[in-house]
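Colleague: Those protein sequences? They're chains H and Y, same order as listed. According to this note's numbering, the residues represented by the first sequence are 1 to 115, in order. According to this note's numbering, the residues represented by the second sequence are 1 to 112, in order.
Mixed in with the good hints, there may be bad ones.
Which chain Y residues stay away from chain H? Per the calculated CB distances, all over 10 Å, these [to be verified]: (1) Q6; (2) S8; (3) Q14; (4) R17; (5) I18; (6) A41; (7) E42; (8) T63; (9) A70; (10) Q81; (11) D84; (12) T104; (13) P112.
Covered, in the sense of this in silico footprint (three residues per stretch, anywhere, with C-beta under 8 Å from a C-beta of chain Y), are these stretches of chain H [to be verified]: (14) 42-54; (15) 104-111.
Each computed EDC-like pair below joins lysine to aspartate or glutamate, with the alpha-carbon atoms no more than 16 Å apart [claimed, not checked]: (16) Y/K37 / Y/D59; (17) Y/K68 / Y/D24; (18) Y/K99 / H/E103; (19) Y/K37 / H/E103; (20) Y/K71 / Y/D31; (21) Y/K37 / Y/D84.
It should be emphasised that the hints constitute simulated quantities derived from the structure, not laboratory data. Note that beta-carbon positions come from the ideal geometry of N, C-alpha and C, so glycine has one too.
Next come the chains, spelled out residue by residue.
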Amino acid sequence: KAGVTQTPRYLIKTRGQQVTLSCSPISGHRSVSWYQQTPGQGLQFLFEYFSETQRNKGNFPGRFSGRQFSNSRSEMNVSTLELGDSALYLCASSFREGSTPYEQYFGPGTRLTVT
Amino acid sequence: DQQVKQNSPSLSVQEGRISILNCDYTNSMFDYFLWYKKYPAEGPTFLISISSIKDKNEDGRFTVFLNKSAKHLSLHIVPSQPGDSAVYFCAASRYNTDKLIFGTGTRLQVFP
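Throw the hints in and build the complete structure from the sequences for me.
Modeller: Next up, the structure:
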């Protein structure tokens, strides 16, 4: 079974631009979560989508948005990029039923650099 | 407000010895805890988990201990191997929200 894939792997953008990152979950997984990883901050939760609906949201500004398609693939978008948005963006998928505990399986991440 | 804390940013252990990684949390509503391992240029990999109804869970060389009264969990790796060198993240969640809250990570180095 293929793992979680993220594209692109590396991205360089200029301050003020917008960016879209893509995530394809493991086949059969309907939940996709997004995280931002920066040095010293660990993994900060952005949002989670389940069956095309946002189920959870972290404490990030509205410039960060996402969506999920009917095939469970997900995209996240960051508008009006700031230098502080430079980070590794990780996507994780999981198989969820209701609110039972679950393990998330992560992709390799997209390294975004804002100049 | 860091609800999950890993106060040791790094740990160095000799091969064959025990590695103990610690994690503290502040939210008493957390009832599910996980450990992830992360190599450079890769996403975190799930390692082991524990529910709040247990105080110990074992999987091969890895054992997680949970002390609910102290709001503390630890990961023991015995024996440590050079391939265990990675960054380890602990994470916590509540059953009814499922949002994972991660710590800042501990870099483990196992030397020969």
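Colleague: Each hint: holds or not?
Modeller: Going down the list of hints, with the structure as the test:
| no. | hint | in the structure |
| --- | --- | --- |
| 1 | Q6 | violated, 8 Å |
| 2 | S8 | holds, 13 Å |
| 3 | Q14 | holds, 27 Å |
| 4 | R17 | holds, 26 Å |
| 5 | I18 | holds, 24 Å |
| 6 | A41 | violated, 7 Å |
| 7 | E42 | violated, 6 Å |
| 8 | T63 | holds, 17 Å |
| 9 | A70 | holds, 21 Å |
| 10 | Q81 | holds, 22 Å |
| 11 | D84 | holds, 18 Å |
| 12 | T104 | violated, 4 Å |
| 13 | P112 | holds, 28 Å |
| 14 | 42-54 | holds (count 5) |
| 15 | 104-111 | holds (count 6) |
| 16 | Y/K37 / Y/D59 | holds, 14 Å |
| 17 | Y/K68 / Y/D24 | holds, 10 Å |
| 18 | Y/K99 / H/E103 | holds, 11 Å |
| 19 | Y/K37 / H/E103 | holds, 13 Å |
| 20 | Y/K71 / Y/D31 | holds, 11 Å |
| 21 | Y/K37 / Y/D84 | holds, 9 Å |
Comparing the model with each numbered hint stated earlier shows that hints 1, 6, 7, 12 do not hold.
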